[in-house]
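Participant: These are the residues of each chain, in order.
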Amino acid sequence: MSEEISSVVDIDQQEYIINIGPQHPSTHGVLRFVVSLQGEVVKSLQPHIGYIHRGIEKMCENLTYQQIIHLTDRMDYLSAHTNNEAVCLCVEKALGIEVPERVKYIRTILDELTRLASHQLWWCSFGMDLGGQTCYFYGLRDREKILDIFEETCGARLLLSYNTPGGLMWDIHPNFQKRIKEFIKYFRKKLPEYDAILTGNVIMHQRTEDIGILSLEDAISYGITGPTARASGFSCDVRKRYPYSAYDKADFKEIIYTKGDTFHRYQARMDEMWESMKILEQLVDNIPEGDFTAKMKPVIKLPEGEYYQRVESARGELGVFIVSKGEKYPYRMKFRSPNFCNLAIMNKLTSNFKIADLIAISGSLDLVIPDIDR
Amino acid sequence: MQDFKFNIYDLSSFTHWVDVSLYSYCTPFWAMMWEMIIIGVAMLLFYAVIGLFLVYAERKVCAFMQNRIGPNRVGPYGFIQTVADLVKLLMKELVIIRKSDKFLFYLAPFIVIIVNFMTMAAIPFAKGIHAIDFNIGVLYIMAISSMGVIGVLIAGWSSNNKFSMIGAMRSGAQIVSYELSVGFSLITMCVLAGSMQLSTIVEGQSECWYIFQGHIPAIIAFVIFLIAGTAETNRGPFDLAEAESELTAGYHTEYSGISFAFFYLAEYINMFIIASIAATVFWGGWMPFHISGLAGFNNIMDFIPPFIWYIGKTFVIIWIMMWFKWTFPRLRIDQLLTLEWKYLLPINLVNIILMALIVLMGWHF
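Those protein sequence lines, which keep their order, are chains U and H.
One point on numbering: in this note's numbering, the residue at position 24 of the first sequence is 24, and numbering is uninterrupted.
So the mapping is simple: this note's numbering equals the position in the second sequence, first residue as 1, plus 1000.
By construction, these hints were calculated from the structure, which means they are not laboratory data.
Each hint can be trusted.
If you anchor each label on the Cβ, the simulated ranges turn out as follows:
| no. | chain 1 | residue 1 | chain 2 | residue 2 | range |
| --- | --- | --- | --- | --- | --- |
| 1 | H | ILE1114 | U | SER221 | 56 to 64 Å |
| 2 | H | GLY1257 | U | SER221 | 47 to 55 Å |
| 3 | H | PRO1028 | U | GLN23 | 54 to 62 Å |
| 4 | U | VAL41 | H | ASN1160 | 20 to 28 Å |
| 5 | U | GLN23 | H | LEU1104 | 22 to 30 Å |
| 6 | U | TRP170 | H | ASN1160 | 53 to 61 Å |
Okay, the calculated bits of chain U under chain H, using three or more residues with CB under 8 Å as the criterion:
| no. | region |
| --- | --- |
| 7 | 125-132 |
| 8 | 349-357 |
Built from N, CA and C at the ideal position, the CB exists for glycine as well.
Full structure from sequences and hints, please.
Facilitator: Written out as structure tokens, the structure is:
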């Protein structure tokens, strides 16, 4: 085993290797970093992935498009709704279906709720990575409210599967708008608490400022997307650049920071939470009346061809690529997962920082491992 | 043999009675032996009770800070939850690491525990309840309490685990550094007290606690002592040695069952010891709160037994330390050392001079 590792990582006499993961509290899943250390300083890092590879892309080749939706939940489980939507949008694009306005609005609202819930969970686990354990419970306390809205809407709390090609599974609950408005009112008061406990803390600033600086060039060449890239000044928000669903109806800012260190990645996500609430406020009262789904045939067969659709998940750009041979199953299905690309930069970001920084950096990239492995 | 009268405000008559009656019944050697056994058993009981209670208290305090309820099922308000946990730990398998240094691996938790005991011996719990009253009590406590790191280093080394090793090395660097600050802040107070004997230090605060007597330098010393003391107990935000999110559990990663429980307990007892030293040196130990000139107020304060005063003060400080832990994120190792060597130590050195000046000029209360 040790020979195998030493052939993988080029080490000299002063260095030693430790495995961070696959079972480790801060890899947020079964990710394994083989880290070469000199004392406490990280010399090189190699991510080993595939511990929960389930072959989702291959499984998709034997499933109808309605069934595929349920698999995509299991990729990035924290933005399940966004994953569902990506597939639906791609299928709808291929079929040339225009979904009702109502569906677009509801999808966008749920997108933003998903983003909020995901960022809350990111925030609390990031706080825990830094050692501030109380953050975890603050984040989960507020995330619970969003999960309750999900539960009321479609019965599920985490893996929604609420979308279906052509629209939604069923209509929203009558309480939907009321509960969202209550939540926004509540969360606008609670979000400053997040700043009070973590953002303003001097230890937190010392731990994150100038740590793991991601340059704009690297962000572009490694294909980094999402808040991670926007913290480096890379304007890549799919919601703004290629608006889908009802994002063109909402007025919101694309959060751009320039420095690209851990603290700016943190700030970018914190600000995104405010922006998400702004989007929600604009859309929640204007959900138009209408059908919750377009008229669809029970068996969906995509015309022969290649289709691609991208959406902005909580971690970056999620792409769905379908190759169809005109059958009810896709010929090939490929997901472009934001986490996979974001993980690739880890070695570059962490070299010559300490172990504690490695944890902070990997926390600030907000990795969800099932999405990497698929 | 004199009559025994139990006075809760002055337990020295009680301890004196025990001493005299033992010597009158046995030969001096056996009387000494019996005293040692009595003190040892009492300490052991106190240690276990305080340890269990602190674990429970921490869980409740952190639950309170984290919008949770905390343990509430076993016993009233979950009060005997920690007893249940202890029983569980006692019954758990001791996992033997094949390539570890077995002798040192088993020795390490005992070193940590023994050091705790030795420190507790010198703490004045109440008037007359004080196992050993050295004339260099403060020096003794400083010397002994820092020996706990040997246990931590041995644990890290013998586990044959890199995470443990990193944790142990961090702990070593941390305690060697922060020992200075703890020492200097206590020396500052010794300058004011004019003695290193803990009983004298407590007696000297009968009019007014030292934190008020020594005003500015005493408050600075107290804050530094709290910071450095927290660092010395390896608790958050200085819990680098066990840094859960970085090193899984640091130096006690490989320990299981009761040997893990020893480390866990030792951490809490360490916190208790640091808090009781702070309470003794700065807040007057078991001495009630007195304001000179207000006889009525002082009488009311005297009405509260000394042991209650001591426990109360200690727990206030423990609560502050828990408050730190559950609020702040963890420091990085280089920031930890920077804090000590660049900030606390110079401030401390200036503070000693300031205190010496104040004592010389008689500017204290």
